[in-house]
Amino acid sequence: MSFVVRMLLRELRSSWRRLIFFFLCVAVGVGGIVALRSVIQNVRVALMAEARTLTAGDVYLRTDQSWTDDIRAIVDERLREIPGIGRTETVDTTTMVRVPGEGRVRTKVVELRGVQPQFPFYGRFELGSGERYSYELLQDRGALVGPELLTQLGLQVGERIAVGDIEFTIRDVIVSEPGRQLGGFSFGPRVLVAFGAVEETGLLTFASRANRQLLLRVPDEAGVDPLVERLEEDLREAFVRVGSYRRTESRIERNLGRTENYLSLLGFVVVILGGLGVWSVTRVFVQQRLRTVAVLRCLGATTARVIAIYVLQVAALGLGGSLLGVGVAQVALWSVPASLTDQAVTAAGLGTLSMALTGSAVLQGVAVGVLVSLLFAVVPLLDIRHAKPLLLLRQGAASERRGVDWLQSGVVAVVGVALVLVAGWQASSLEVGLYAVGGFAVVAAVLHLIGRALTLAIQPLQTSTWFPLRHAVLNLTRPGNQTRVILLSVGLGSFFIIGVQVLQSNLLSNFALELRDDSPDMFLIDIQEDQVAGLRATLERRTETTPQLLPVLRARVTGVEGKTVQINNVGEARRARLGREYTVTYRSRLEENERIVAGEFWSEEPASVPEVSIEEGLQTERGLSVGDLVRFDVLGRPIEARVTSVRAVDWNDSRSGGFMFVFRPGALEGAPHSYVAFMKGPADRVARARLQRDIAAEYANVSVIDGLEVIRTVRRVLDYVTMTISVVGGIALFSGTLILIGAVAMTKFQRLYESAILKTLGANTRLLTTMLALEYGVLGALAGAVGSVGALGLSWVLTRQVFEVAWFASPLTSAGGMLLTALVVGVVGVVSSIDVLRQKPLATLRAE
Amino acid sequence: MIELKGVSKTVTSGGEPLTILHPLDLSVPSGQFLSIIGPSGSGKTTLLGLIAGLDTPSTGDVIIDGVKITSLDEDRLAQLRSSKIGFVFQFFHLIPSLSAFENVMVPLEIAGSPRPADKAAQLLSEVGLTDRGHHYPSQLSGGEQQRVAIARALANDPPILLADEPTGNLDSKNGQLVVELLMQVHTSRNTTVVMVTHDAEVAARSEVLLTMRDGRTDVSVPSAFPRGAEEEKAVER
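As given, the protein sequences belong to chains A and B, one line each in that order.
Under the numbering used here, the first residue of the first sequence is numbered 8, with each subsequent residue one higher.
Under the numbering used here, the first residue of the second sequence is numbered -2, with each subsequent residue one higher.
Watch out, some of these pointers could steer you wrong.
[What the hints assert, rightly or not] These stretches of chain B come out as covered by chain A in the derived footprint (C-beta under 8 Å, 3 or more residues): (1) 32 to 46; (2) 67 to 76; (3) 79 to 85; (4) 91 to 102; (5) 107 to 120.
[What the hints assert, rightly or not] Listed next, with one range per pair, are the computed distances between beta-carbon atoms: (6) N187(B) with A311(A): 26 to 36 Å; (7) P93(B) with A451(A): 28 to 38 Å; (8) R477(A) with P26(B): 51 to 61 Å; (9) S80(B) with A451(A): 42 to 52 Å; (10) S135(B) with N771(A): 19 to 29 Å; (11) T53(B) with N771(A): 41 to 51 Å.
Calculated directly from the structure, the hints in this document are not laboratory data.
Backbone N, C-alpha and C fix where the C-beta goes; we use that ideal spot for every residue, glycine too.
Could you put together the complete structure from these sequences and hints?
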């Protein structure tokens, strides 16, 4: 074995420079995996430490309706069995606050929470003043508010805000609070007041949106799970969600685990790209080492020993690259600015977040790096078997090869399976691994085919009369060319980047579409029946448009007697994915964005039973159809309605809104309901703010949602998403460039000889540079074209199938991406060949 | 002892069978210095490749010290080469990434020799390159590279030394030096030497001359061979 080890060390001494790209390719991918996994694992550790803080109690019961006497009785009876149990209630609603006083036009949508003295059971508030939180701060109409409310309304602690008819004094600022869900969407800043004060504001009308929560503290931790199970059983038929911090814990655990695995899969994709680089570098390396191998064989070394030398070399480089990747990950995490971490930590309501690498992330990253290096290197390394010592007597003797190489085919199959296993391990699911590797293989195959077609398409250029162009094209098809490898690696990189850009411009144009001049941009919710006339008059006067006021009710499906679907209770409805609360309306005519695909939208004859029209999706995805009988619970009142029509709704045109269930007028008028209004608000900022203020002052229970603000928020989220994908695409492109440089560098020796001959035949440096630039420019243009075509496909699938919005081709982005790729590849090609161009021909020829 | 029995080589060229070596019986006793001479394309190198087991004959058998090498697999052949055959090539074929010293060490290491460094140093001194051991092949002249190659070929004290136009790539002075070295090896170690050359002057110094033309052979004793002890040895056999 000592011979193998010694040869390994000697080979490394001379070949590490040639294999540096191998090294870097692995390092980039491993760095990605290690950094992503470490961050998520740290977040998980931080979250687990505070799971109870996130729920603020051991067990919670939540409902978006009032606690009925029945439910209270059931809960009271159950809790009586457990001595020493603590209970406290909270109520949450979204509402408007305004600044009281003459001439002040400032209003803001906030999330109002009322709490009782015992809240919270776990965790603690952190206040701006540094004082300890106590319930006394909320007594006598005190309020604690999120810091952004103060800046947005220009207020200070000690000043007053008005909610409905009641004024509150701001006593302090909430820096962080327990019981706020991680990553939950928020309509506005938090305002915390005493539980009783929420009732006094008059906001909690029968139909208004409020979430009520009953928090329990269980004296014996072992009692948590049984209590949750019993309460769930007790409240099976009620619209109450029962849970515990343990469930939150396991849900967060699951979600984070999934995120970690999917992100690691992205890292794995980068490692695979690196693997492609490894493959290409190894292939050329083996070609250059064939003579050395032949000498070793001639001196008596067996094939196994020679292969062992190179396999060990790959393993050593893979390990080195992986360790470098770990270093890169550590540097990347260190260089995240502390302010950013603090922001994230506060937003998530966490105490501290470590930015250190975790042991398991490092181990996984290194293992994946070494495995992928070996897997991708082993196939080209097998070519060593064909290095016959006869090569030393006769050039070209080694290239004779006949028939199918079964060993190589077998190894390719084993490598494929192994890659699926590694991907499956990374994603913690064999299925996902299979899809990832399969998807990758399909994308690679498609890119390869496109590349082939394009290479054929440029064949006519071989007869060009322009010398540099002719030779550039000929070089792309000469034996031992790197065309396929560069097309694949750079093509995949540009595929990611251009794909993300096209997708982004698509999503943005869809949002622009929704902000057309006639689109509504202000929404009023929770309008009471007796406020409709007055509000309509106010709006008509102030906006000079006719606002649409639609009656809405909140309803849940409790049963279905249908042709294909039978649902008997709430539990079954949940399992049939019909368990959510639907906002429903009633009207006599179709809206502009609707058309009937089945049945009849209210027949001539008067209805004998309540009738309902369903949206197409309920038919295709939930199995409801015309003639089915659906039982609803409309805020406690049961209503049974027959499906008489199916509507297709154009969700892109939301000016008239869209509803899953539309009732025939007559059935619901008696049920408790409220109205919503869509309208185009005043364009002027001040007029807009004034209108919001006036509505808030006059109709305290009505919330105004400013569409412009929502769209801004969505844009921001979209920007984050785009940035994240761009970073991944950037890493992919970076690896692509590395592979490119590696590929160019590897063929340098061949090039040295060629350019020496051309030079002796009279070619000057300028001609050679033009040739190189053309060769790589054409290659880059091909790779860019491959990427662009792929990107169009990707963006089409994502916009149409995932986001379900309209798709636009964006020719500028595609063409720009292609040109940029051509330019980058051309420049990299020429720059990495500079020493080839500068080498004196005699030295090269003499060395040969 | 090298024996060839009915060895021939036919390849397919442009769809037509082309015989580059006609059936040949040859026996090279231990300790003989045999030169193969002939014009380009006459089959010299093919014959050497067959003797070394680098190539397989179309017909016939090659037997080295009683072992029929035509029936050995690649790894057995490698072992055989490691222990019995040393090689010297026209283009030296030193491993460019290894120093001269390391190049000489490699076959010793492959064979698992106990003290490869000492042996390599001794061999380098025998070829007069003690002070050049740490140089890489690209830093050595052609003659020096060929001397390193000879040292490497002798590393495992092989009973047979095969040389493929060892002087073909050298100037006459360096060529002379290399031939002297090979002669010296032959006499001092009693090594069987088979050398391909197209230099008649070099060939004339061998004991037996195999002349090749269009794949056919003719064995003779060169007239220019120095008479004396060497001659008697040749006649005895």
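Which earlier hints turn out false for this structure, listed by number in ascending order?
Those not satisfied: there are none.
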